[in-house]
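Colleague: Produce the entire structure from the sequences given, and follow the hints as far as they go.
These protein sequence lines map, in sequence, to chains D and S.
Going by our numbering, the first sequence opens with residue 1, and the numbers climb by one from there.
Going by our numbering, the second sequence opens with residue 1, and the numbers climb by one from there.
Any given hint could be a false lead.
When chains are identical, the list treats them as one kind, so a pair holds in a single copy or across two.
To be verified - Straight line, CA to CA, 25 Å or less: simulated DMTMM-like cross-link-like pairs of lysine to aspartate or glutamate: (1) Lys-100 / Glu-295; (2) Lys-129 / Asp-144; (3) Lys-296 / Glu-485; (4) Lys-29 / Glu-298; (5) Lys-129 / Asp-297; (6) Lys-129 / Glu-295; (7) Lys-129 / Asp-30; (8) Lys-100 / Asp-297; (9) Lys-193 / Glu-206; (10) Lys-152 / Glu-186; (11) Lys-481 / Glu-284; (12) Lys-129 / Glu-298; (13) Lys-192 / Glu-206; (14) Lys-29 / Glu-70; (15) Lys-481 / Glu-428; (16) Lys-274 / Asp-566; (17) Lys-319 / Glu-288; (18) Lys-100 / Glu-298; (19) Lys-129 / Asp-322.
Just so you know, these hints were derived from the structure itself, not from any lab.
There are 2 protein chains.
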Amino acid sequence: MSKTGGHLASNLGVVELTLALHYVFDFKKDKLLWDVGHQCYTHKIITGRKSSFDRLRCSDGISGFPDPSESEYDEFLVGHAGTSIATAIGLAMGQGRRGKDDRIVALVGDASIVNGVSFEALNNLHLVKRQLLVVLNDNSMAIDPTQGAVAKYFSRVRLSQTYEDLRRTTNNILEHLPVIGKGVEEVIERIKKSLRMALPASQLFESLNIPYFGPVDGHDINSLIKLFRALSHQEHPAILHVYTGKGKGFSPAEQDRRRFHSTGPFRMNGDAVKSELQRPSFTEVFGESLLELAEKDERIVAITSAMCDGTGLVGFRKKFPDRFYDVGIAESAAVDIAAGLAKAGLKPVVAIYSTFLQRSFDQIFQEVALQNLPVIFCVDRAGVVGADGPTHHGIMDIGFLRMMPNMVLTAPADAVELKLALEFAVGENSPIVIRYPKDCVPEQKHVRPACSQPFELGRSIVVKRGKDCQIAIVSYGSVLKEAFEAARRLAKDGISVDVINARFAAPVDENIVALLGEGKGVITVEDHRLACGFGSAVLESATAALGGIKGPIRMLGVPRRFFRHDLRDSQLMEAGINADKIATTAREMLKACEAIGCPRDFA
Amino acid sequence: MSKTGGHLASNLGVVELTLALHYVFDFKKDKLLWDVGHQCYTHKIITGRKSSFDRLRCSDGISGFPDPSESEYDEFLVGHAGTSIATAIGLAMGQGRRGKDDRIVALVGDASIVNGVSFEALNNLHLVKRQLLVVLNDNSMAIDPTQGAVAKYFSRVRLSQTYEDLRRTTNNILEHLPVIGKGVEEVIERIKKSLRMALPASQLFESLNIPYFGPVDGHDINSLIKLFRALSHQEHPAILHVYTGKGKGFSPAEQDRRRFHSTGPFRMNGDAVKSELQRPSFTEVFGESLLELAEKDERIVAITSAMCDGTGLVGFRKKFPDRFYDVGIAESAAVDIAAGLAKAGLKPVVAIYSTFLQRSFDQIFQEVALQNLPVIFCVDRAGVVGADGPTHHGIMDIGFLRMMPNMVLTAPADAVELKLALEFAVGENSPIVIRYPKDCVPEQKHVRPACSQPFELGRSIVVKRGKDCQIAIVSYGSVLKEAFEAARRLAKDGISVDVINARFAAPVDENIVALLGEGKGVITVEDHRLACGFGSAVLESATAALGGIKGPIRMLGVPRRFFRHDLRDSQLMEAGINADKIATTAREMLKACEAIGCPRDFA
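Modeller: See below:
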């Protein structure tokens, strides 16, 4: 992993836990469900994928998440948090109905268990009338220390426990659990009585009537094996609470658990391998720009969902701790809290990755769009995301957000525009979305000064006006650099094209719509699914305004299939979203037009 | 309400609670946030809207939900559950930052508080460092009795409490609470000590470190006033747990709380006013068809989210209690549970209203579409919904679902087709969506036998083939009856058109795509937003296949604005989704074509 990078710290924390689970259960038959899934490396190593680790998260290598296409030991390809308990409930009920006696284990972290979906599942655990073991892997961390009341509660419990307490709890569970013919309530009562104090962390789960055991030491492999053996025979759902240490065994990771949550290549002394000098990321530019704006406008507050670092808000949190809210893995509540803040007259900026914002769809609809509240959504990781793969691509946000009245959708092409978009957003009185990719900002001096103009609602920028040209390339967001590069290459062959930076997907600029009535060939380019995306919005707007589309049109974007982990650039190439493909498309379009006398009759 | 119908039982339960809140707080300045919001009638009556109640939920009358456009006493227009606590947190923090001392009250039911968003909010309540009162209105009912572990826990508490206990708790809170200079923890300790037993329902909230008071009698208006006075002075968040009885004071509603949750017109003895004989609803046809299929195929199981009655599953639950799962207001977990069931080899049918399925977007993406599991989504209330208004229209499902690979989207035109669609779905090995509206099934003998053919993946039905005609009407779902009626009227004027029943929105039939290459005028009709809807899918498919669109095209659907409560037919008329509009559109299209020599040059 020092060469490939990956989710190091979480995986080091669950080595003993994973080995003990595999020692007791037979996961060819039994089912192991991972929550989030990025902590499955040990599991992969011992299920036949050890030799593939030099290509972890690389194009031809294995995924960083469980993946049924890799191994029969993997059940679900997952990367979003909080889903394992609910899935396990369904699986347990289903296996029960089909007369199977497979054991089912869901492994969930303390950061995931506070997610709303986890809670909804815990509230429904009673539906299961057979074995189902939930292992709560409590390392007191999400990427940052876990937030919220449940985390505080776990942490109070943790602080009150000595290592000796953990051993005593383990022994007590083992002593009482295998007793045959005892109801689980009675067993738990007996365990409690024999302990120095009541099981302190059981309160929450007791109120939900869920048999709770623990906390125990998650690095004591011998005890874990005994505990899993005992618990695998229970014919009812149960929770085992284990303590683990993120980064365990590798001291640089133990000391900087945040950095090693998801790391790039590093030296064995912990130093990062310096990558060649790169331009800043969109994330960094967002963080800096927001900080600048917040210094001038004290209405600005920021909300994130366990992703302070990932969304570039570390500087903001440091500078304005009382204007920064991390709500934990709770994207739905994050948006409702933002709606309340906006209602009170503030300017909340919600920074959530595109793929996780899918969790907030209904709240954005009801609490924000329907009330027309000026919440600013800064949607990072919009587009394909590279090594994290299919669970993490942010390629549906334009679609689900542009269906809502009042929502303004915008995407900056580079660093200058990201700042301009933010300034524009702060000045608006409607909800507004700013999307940008997991990428460095491009160097785009050639688009200045056109793209240095302030954002105006629904106004695009003509970056390059072709000469008597038949084709316009209309790009949305950071793919402008590809559109411009395509135009440069086409110009070398004497083909002149317009290049337009759309800036807005809702509303679509009338000037873009007009192009489709002129009979000019139009190529739309976006880093989003073709279905419901920017190109689709252009088609709809043109149809509504003109009653049809006069010229030929091609849409470039992510086609209707899932894209595996790979380099982001490779994924863009595979999807056909780059200068090459744009230029080829333009040439084909011209050829077709010449053959049939375009624009009057192009088909 | 006996004349207009509405949410009677829930409103009768909160009369005293509402009056006491208004007596103590000044909601012109203070903020009252309703959860779900259908229990706001008393509030509306005493805030100037008493005389409007004869037009409750009618076109020119007041909404059945809080609505800021009606009154400054209403904060948020809401109808989906579980959002009030999170919104209140944001509002409280925002008002705090702006130096306002308004009191904030969130009123949430026991069915709403188990929703994942509520839990995420409770987990973040500690963010608020000032007054915020959550009133937990516990009537032990959603529409059906509340489901899940929390409900059972509340119910254990409820059963253990006598009326005398409630009074004692009230007096103890009042005795201890106003003490100035005491920390809230100490106050709670004192209250607990002076009670016969520990506050039994406090366990759940204590583990979350939330100051909890109660349970108290929610119909004892004098005590409530005193309690609210005392609690309004607390400078920290707190929960007051009150018991109320749904339907209180009107014995027919007390006795049949489910029927009177949301009732049509009724007589004062409780009898329903018989509406004129109508055809069965899509909902009823779904329920019966599923029951028939389930008798033949024991893999079929059904999952709903607190909407057994509303989704037509009462018969199924009665016949197959062990194959029916009601997970409470937990749409996200419902879908993950279904994914688990499908993984185990069953055929789960998830029956959720379109508007509430927005809560499941991310789970449908990750646990169902990405794994390609054969979950069947029966999406009721798809389209505009009439009296429930803007929070409840189901007009975004096509858009958010068709972005996902593997998803098959279908919509039956009538009862025969709904049954055929279900049969088709059970035979498929992919996730599939069947959408249908809140409406009676149309009588459509004229579309037989064409529309009696079994569903074939991505295959549309030509219902009527025009003679040398220039126009095709392509309809998706139940609006076929409007398309057919438009064709009938046009035929009277000697205008012949094709009528096509699309059946599928994903994949779009190649034959429909081909129409757009022929230069024929096409009118798409759907009961969904124009953005990202069926027509949009047709445009995208045609562009991808043909490189452009040859003929004129018009799309009829719900435009980009919110539609108020009204009759469903009026909303369809307002949106321009009916036979009139289709016929007019066809005539305009022909006129434009004649003027400019269509199809070669139509713009």
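Colleague: Decide, hint by hint, whether the structure agrees.
Modeller: Taking the hints in turn, this is what the structure says about them:
| no. | hint | in the structure |
| --- | --- | --- |
| 1 | Lys-100 / Glu-295 | between (61 Å within a copy, 22 Å between copies) |
| 2 | Lys-129 / Asp-144 | between (36 Å within a copy, 22 Å between copies) |
| 3 | Lys-296 / Glu-485 | neither (37 Å within a copy, 60 Å between copies) |
| 4 | Lys-29 / Glu-298 | between (57 Å within a copy, 23 Å between copies) |
| 5 | Lys-129 / Asp-297 | between (56 Å within a copy, 23 Å between copies) |
| 6 | Lys-129 / Glu-295 | between (56 Å within a copy, 24 Å between copies) |
| 7 | Lys-129 / Asp-30 | within (17 Å within a copy, 47 Å between copies) |
| 8 | Lys-100 / Asp-297 | between (61 Å within a copy, 19 Å between copies) |
| 9 | Lys-193 / Glu-206 | both (15 Å within a copy, 22 Å between copies) |
| 10 | Lys-152 / Glu-186 | between (29 Å within a copy, 19 Å between copies) |
| 11 | Lys-481 / Glu-284 | within (19 Å within a copy, 54 Å between copies) |
| 12 | Lys-129 / Glu-298 | between (54 Å within a copy, 19 Å between copies) |
| 13 | Lys-192 / Glu-206 | both (12 Å within a copy, 19 Å between copies) |
| 14 | Lys-29 / Glu-70 | within (16 Å within a copy, 60 Å between copies) |
| 15 | Lys-481 / Glu-428 | neither (27 Å within a copy, 43 Å between copies) |
| 16 | Lys-274 / Asp-566 | within (21 Å within a copy, 63 Å between copies) |
| 17 | Lys-319 / Glu-288 | within (11 Å within a copy, 61 Å between copies) |
| 18 | Lys-100 / Glu-298 | between (60 Å within a copy, 16 Å between copies) |
| 19 | Lys-129 / Asp-322 | between (46 Å within a copy, 11 Å between copies) |
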